[in-house]
Amino acid sequence: MRSDGISTRNWANAQKSTGPRTPLGQAVVAQNARRHGVTAKPDPTSVALWMRIILDKPNLAPGDLLRNDGQTSSALALAEAEVKLCAARAALERFERADAPPSGAVHAMRVQAEYIARPLMKKDTPATLQRFGLSLLRRIAKDITPKTVHGGKRHKLLQRYVREAHGHRKRAFQAWLQYHCHREVTKVKVA
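No gaps in the numbering here: position 185 of the sequence shown is 197 in our numbering, and each next residue is one more.
By construction, these hints were calculated from the structure, which means they are not laboratory data.
Within a straight-line C-alpha distance of at most 27 Å, the following computed DSSO-like cross-link-like pairs (lysine-lysine) qualify:
id, residue 1, residue 2
1, K69, K182
2, K154, K134
3, K53, K168
4, K182, K168
5, K53, K165
6, K69, K53
7, K168, K154
8, K182, K165
9, K165, K154
10, K182, K53
Label pairs and their in silico Cβ distance ranges:
id, residue 1, residue 2, range
11, D76, A39, 37 to 45 Å
12, R195, R21, 53 to 61 Å
13, S147, S15, 49 to 57 Å
14, L61, A120, 35 to 43 Å
15, P35, D68, 49 to 57 Å
C-beta: ideal position from N, C-alpha, C; glycine also.
Sequences and hints are given; from them, build the entire structure.
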């Protein structure tokens, strides 16, 4: 098949999968990135605190942050990277301690377990139905234990966010050092 036919076929297939179309489906998908807050913009208060630490200026005024020089821009990048790394690590630690809210799949399984358990508690439920319901509850309980949650998609995603934030901080720190080394070399050449 020629490349024209392949690209036409690929374009036609892409038009079929456009994501959720109902308002409810779109609303659910719109909240995907807000589940843990790691990918959100960094908190300005925390960034300003890190800027004070990085620049070693405890009384840093907001006007000082608006300067457009190399020191301020590299310090701002480093401060944002530090805040993002702290947020990513905190989200991963909350998840690993099970402080994080359960994922959608785990929540759905818990709801199903409650739905199955209700009729089992009635006295007039036949024994065969009770046995079947209890076996289903055991399977569900096995699937939502912490063993399957750790190492699952969400855990791996949070670990990836920590790695990415760590790499981002490393690059920002290298840029900060490069600015200061360049500045020191320039001072030596001038003197």
